[in-house]
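Guided by the hints, dock chains B, C and D onto chain A, whose structure is given.
There are 4 protein chains.
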Amino acid sequence: MIIVLKAIATKEDIQSVVDEVRQCGYEPHVITGVARTVVAAVGDETTQQTLETLASLPVVENVLPIQKRYKLVSREAQAETTLVHAGRHCFGARDFHVIAGPCSVENLEQMLSVAESAKAAGATLLRGGAYKPRTSPYDFQGLGEEGLAILHEVKQRTGLPIVTEVVSESDLIPMLKIVDVFQIGARNMMNYSLLAALARTGKPVLLKRGLSATIEEWFLAAEYLAKQGNSQVILCERGIRTFECATRNTFDISAIAIAKQECNLPVIADPSHAAGRIDIISALSRAAIAAGADGLMIEVHPHPEKAASDGPQSLNPEQFSLLMQDILPVLSACGRRLSKPDNGTVKTDATNP
Amino acid sequence: MIIVLKAIATKEDIQSVVDEVRQCGYEPHVITGVARTVVAAVGDETTQQTLETLASLPVVENVLPIQKRYKLVSREAQAETTLVHAGRHCFGARDFHVIAGPCSVENLEQMLSVAESAKAAGATLLRGGAYKPRTSPYDFQGLGEEGLAILHEVKQRTGLPIVTEVVSESDLIPMLKIVDVFQIGARNMMNYSLLAALARTGKPVLLKRGLSATIEEWFLAAEYLAKQGNSQVILCERGIRTFECATRNTFDISAIAIAKQECNLPVIADPSHAAGRIDIISALSRAAIAAGADGLMIEVHPHPEKAASDGPQSLNPEQFSLLMQDILPVLSACGRRLSKPDNGTVKTDATNP
Amino acid sequence: MIIVLKAIATKEDIQSVVDEVRQCGYEPHVITGVARTVVAAVGDETTQQTLETLASLPVVENVLPIQKRYKLVSREAQAETTLVHAGRHCFGARDFHVIAGPCSVENLEQMLSVAESAKAAGATLLRGGAYKPRTSPYDFQGLGEEGLAILHEVKQRTGLPIVTEVVSESDLIPMLKIVDVFQIGARNMMNYSLLAALARTGKPVLLKRGLSATIEEWFLAAEYLAKQGNSQVILCERGIRTFECATRNTFDISAIAIAKQECNLPVIADPSHAAGRIDIISALSRAAIAAGADGLMIEVHPHPEKAASDGPQSLNPEQFSLLMQDILPVLSACGRRLSKPDNGTVKTDATNP
Amino acid sequence: MIIVLKAIATKEDIQSVVDEVRQCGYEPHVITGVARTVVAAVGDETTQQTLETLASLPVVENVLPIQKRYKLVSREAQAETTLVHAGRHCFGARDFHVIAGPCSVENLEQMLSVAESAKAAGATLLRGGAYKPRTSPYDFQGLGEEGLAILHEVKQRTGLPIVTEVVSESDLIPMLKIVDVFQIGARNMMNYSLLAALARTGKPVLLKRGLSATIEEWFLAAEYLAKQGNSQVILCERGIRTFECATRNTFDISAIAIAKQECNLPVIADPSHAAGRIDIISALSRAAIAAGADGLMIEVHPHPEKAASDGPQSLNPEQFSLLMQDILPVLSACGRRLSKPDNGTVKTDATNP
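Chains as they are written, first to last, in our numbering: chain A, 25 to 377; chain B, 25 to 377; chain C, 25 to 377; chain D, 25 to 377.
Okay, chain A solo, but in the shape it has when bound (with noise of 0.2 Å):
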């Protein structure tokens, strides 16, 4: 920690900081500056008591943290990606993973429909919400149980692992039988319980950012699994919150590229929420692979005009396929594979993948 003093700290403000430092159990070190004093604070800011404190003393102008506050995520940590198995498929590898699926399970002939346009288009999980946290209290709040005994089902059907949001701990006991991939929502990322709840299951989580998390939140969100004993996580982006209207979110491609550089996780892009729009799904999917994203998570839906929720940013089967066929010079170029999909049903073991 360097703790800035200000210009009007005299000797004895100096020397009480330096004791304040001490007795935190940090070896301090002053440099005294042309126009300020400062206070290098030795110790390990991860484990020990944090000097951020310090600044509500009247003499300190500014406490800076030297240290990364993730460790277990970090490449530094572990160089090499974590493979995250979902289903037979592995997240981190050469393999790239298209997800797809409606926002919400509206019915089963929705979901079979999807799945199997969505498989033979070349996806290989499907996603689709049973319990949706809305904005409004009046939206559609998902279909609950009756939810997952259709995706249970279009499992059974397609083999297609499933992919779908937990919105509460108390759902985790009929969901555990059925899902592959628990996936964390945006409003939720920094629901720290639900994440604890989610590490003792030990499945696979999808991380989704938060509306307004910041790269180094989403990685201490994944390091809260992480430091729980869950390390089988997939990052998502999913655009952030910004004055920019002509999207639904600002899909911060960036933090793609920076996650594939700092985290040992696998990354996905999630255009869909990101756009908020059909119109640019293609080129944003292609962009996310092009900066390295191991994989995709698409809405797509039977009658996108009609859909419980999330209708404008869902492709339709036939806009999905072409999608397909998009991104696979950009895939081949960057030495991707898209991943095959199983032909076989899947055991019904799903909480062993």
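FYI, nobody ran anything at the bench for these hints, they're computed from the structure.
Since the model is a prediction, treat every value here as computed from it, not as a measurement.
Take these hints with a grain of salt, some might be off.
Since the list can't tell identical chains apart, any single copy or any two copies may satisfy a pair.
[Claimed, not checked] Simulated pairs of lysine-lysine, DSSO-like, Cα-Cα distance not exceeding 27 Å:
1) Lys-95 with Lys-364
2) Lys-92 with Lys-30
3) Lys-330 with Lys-92
4) Lys-92 with Lys-35
5) Lys-251 with Lys-30
6) Lys-95 with Lys-30
7) Lys-95 with Lys-35
8) Lys-143 with Lys-364
9) Lys-35 with Lys-330
10) Lys-364 with Lys-92
11) Lys-201 with Lys-364
12) Lys-95 with Lys-251
13) Lys-251 with Lys-330
14) Lys-30 with Lys-330
15) Lys-35 with Lys-143
16) Lys-201 with Lys-143
Below, chains B, C and D without anything else, positioned relative to chain A:
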């Protein structure tokens, strides 16, 4: 809903949109403009299926909702301010309330010391977190049930009602006996499962605005509580995330003014989290009062430089006492009166406010 | 400057950074931390070459500046507030000033009508744009020199000093004779060429904060003027651009508090542009006063619904008169006094404030 | 325009809005909804007086514009991409262009060295600032005319056309003889006086998106140029200001995709300013190509750690050469071709591109 068609839309396209609108239960009105055709769809947007999905049609440029999405918490639904009862205090009337206390409960001595000095300075409710949602898993996570016991003890001794944050449905049972006002923190404003669980308790809720929640989303989170039967909600503006780093968050003073105008719930301000620094807390507090706030929530710690969390933004008891003097002339200019502290101890039946 | 090295840095790497630091004229201090090595570079950051370029070295993780970048306008350089003279008025002392008028000068009748009613209500300076920087080239761009002539006429008749925006160096000559305070609009805060030209005039400048300017960048824009010899600068907070759309901009009340504390220039607020809607202008005005503002700038138009620009945020004369009454008790609670209008006409020598 | 009335609006209120709409030259259509009455106003929003001022009426809740505000630069006005000629190069067709060079022109040796290595690596235009708009008045402000002379010399020797920033109308005359493409920097995107002066030169303009400009505002700045007779405009996305600090700006890759779709001008990306760090420039460059960009602008400096400005984000020649190799497979996957450098020297008649 207003559906704006693209310039390229043909007569057939327009007709197909009209049909779709009618099929969704709305009455379509076609308006042929100079550059665009517009279809106005008459119907109740809050109960009928949204037409926003029509944006997925290739000929639709834009879909503009007309109605506000919140109802129960609006001034249109109820012109007078909802009175929210916390212990013997009432938010939303002429009395102005100051909730004071540390970020985290650390030990009995700390809490007693803060409670007594804060009460002496004019605070009428005590804050302090037993469960702390911290960005890093390596930061202090709160004392949990031990913290609740401390809060209980301090409440018995000082008579100050307790405001404390809840982060998980599974903590509700032990909290119910002790807590007077449940705080929903910024990170959990969109944790709708937790809101549902809180609604069932019937207890007052202090609802902090999310880090990047729009004002409308904040009102909609309150609407979740109201729709599920709990209108005892106090809104709390605590700053939003923007590009500006001179403050921890950007205190959105307009949100207070708008909330007072459009929403029927009491509104308080948390300048401590907004500022993230102590030197402007007095100015922000005075501004909040001038903008119409019904109360303040202020972080106070006996030794901010040793606080387990949020030290840089915590006032010490002396600074807090000065703040209370600073706000008096503005309160009186605004026709407000500082609420009087109870002098006796609180009855143990905290579940019945 | 603090140069943080990556964990991988070898002894040789550290030495090469140390050499570089010394070569740039700073004195290097190496601090070996637990996880990182840090090089503290002692020297005057504001006069010597910046070391931020060292961030381009592969072993450098981060370079942290220590000093503030503004000097002349800081309270450290000058503790008392600079008094800025506009006509016979003085900003920065006890007197509080209200600048009122329409967004654009449209015609003599409009300006006279606004000026007279605003003066009657207590405004002491008149605003009105002759040159309008509009987002769309199809919007009204201002009357130009014709507008200046109208302003001149109204100033003669009412004695109100004129505050008006300058958008180009080439308009300065005709403006000099008429204008009492040059306004730099939000879009031009970083137009440093224009600032340089204004500095040469020696005339007072009202410096609006840029749409997305940090507080430090705003102070640095003022520093450009001060460094070039013109310290007659009034800062104006007018809201920043964020994700929130309920207001046109997010009024950053903290910026006023921070400016009053760290900068020696007077600070006023422009709640009209911040709000973009009339219903919260009174609340924001009161809040600005409570936070320490030295004045207000308010858009007033005789017929807002017919205004050539900014109609939605313009008060009509009656609303403005109510606003002036609303602010009185807060002014008095803050120990401020509304400045008194001149009753006579202004002498024509406007160039000598 | 759609005028949404408040729920409280009476028949008389509605009639008065209808009258107002008609008086402004629009044809009003009243639509009586379930919760609100809406008045649709038919007329040309881009030529007639805006109705947004009606928002100032007490019974009006909201005014929603329907038309887009830009015309000449839209794909609706012209489906094919405008070809912009810079030296012998053409932006907007199949050829992909890389503009390389340092932030600031420092001396002849530096510029020659960069120009030659960049050209050897495949760059076809040279950038370098003689006039630098710097946030702090204490930072290097550019060499001015001496810098122009250096650019001229380097252009003569290498044949690379020159792209350089203009910050003031008064510098145009000396620049005209040397410059092939005038760059409008992010800080000046809304300096409409400067845009007007540039339009009169007829020279190509590289228009950087403002720090917090919306995509629509960026197109409108281009529309200012086009409306005044200069459609030789290249748009340049360089990142926007958001809460995320891991990058200097947030590279808005969606803006590229949307610009390619809705605007008829060529679009390039400046990943250097977006990233503010060198380690992700390659990833962002590849992403920009995949999203449809027509070119790149890359900061290259012979010794980034000694650069007078923007060192942390400048590549050295070797890194630049690697970048050029990195982008090749993506270019080819996107059907693009790197433009070929001229081998001869450029004719001195730079004013006639």
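Hints, one by one, checked against the model:
no.	hint	verdict
1	Lys-95 with Lys-364	neither (33 Å within a copy, 46 Å between copies)
2	Lys-92 with Lys-30	both (25 Å within a copy, 11 Å between copies)
3	Lys-330 with Lys-92	between (46 Å within a copy, 22 Å between copies)
4	Lys-92 with Lys-35	between (31 Å within a copy, 21 Å between copies)
5	Lys-251 with Lys-30	between (38 Å within a copy, 23 Å between copies)
6	Lys-95 with Lys-30	between (32 Å within a copy, 14 Å between copies)
7	Lys-95 with Lys-35	between (37 Å within a copy, 24 Å between copies)
8	Lys-143 with Lys-364	within (10 Å within a copy, 43 Å between copies)
9	Lys-35 with Lys-330	between (71 Å within a copy, 22 Å between copies)
10	Lys-364 with Lys-92	neither (38 Å within a copy, 44 Å between copies)
11	Lys-201 with Lys-364	within (24 Å within a copy, 55 Å between copies)
12	Lys-95 with Lys-251	within (9 Å within a copy, 43 Å between copies)
13	Lys-251 with Lys-330	between (42 Å within a copy, 26 Å between copies)
14	Lys-30 with Lys-330	between (61 Å within a copy, 20 Å between copies)
15	Lys-35 with Lys-143	neither (71 Å within a copy, 36 Å between copies)
16	Lys-201 with Lys-143	within (22 Å within a copy, 53 Å between copies)
Going down the numbered hints, you'll see the structure goes against 1, 10 and 15, while the others check out.
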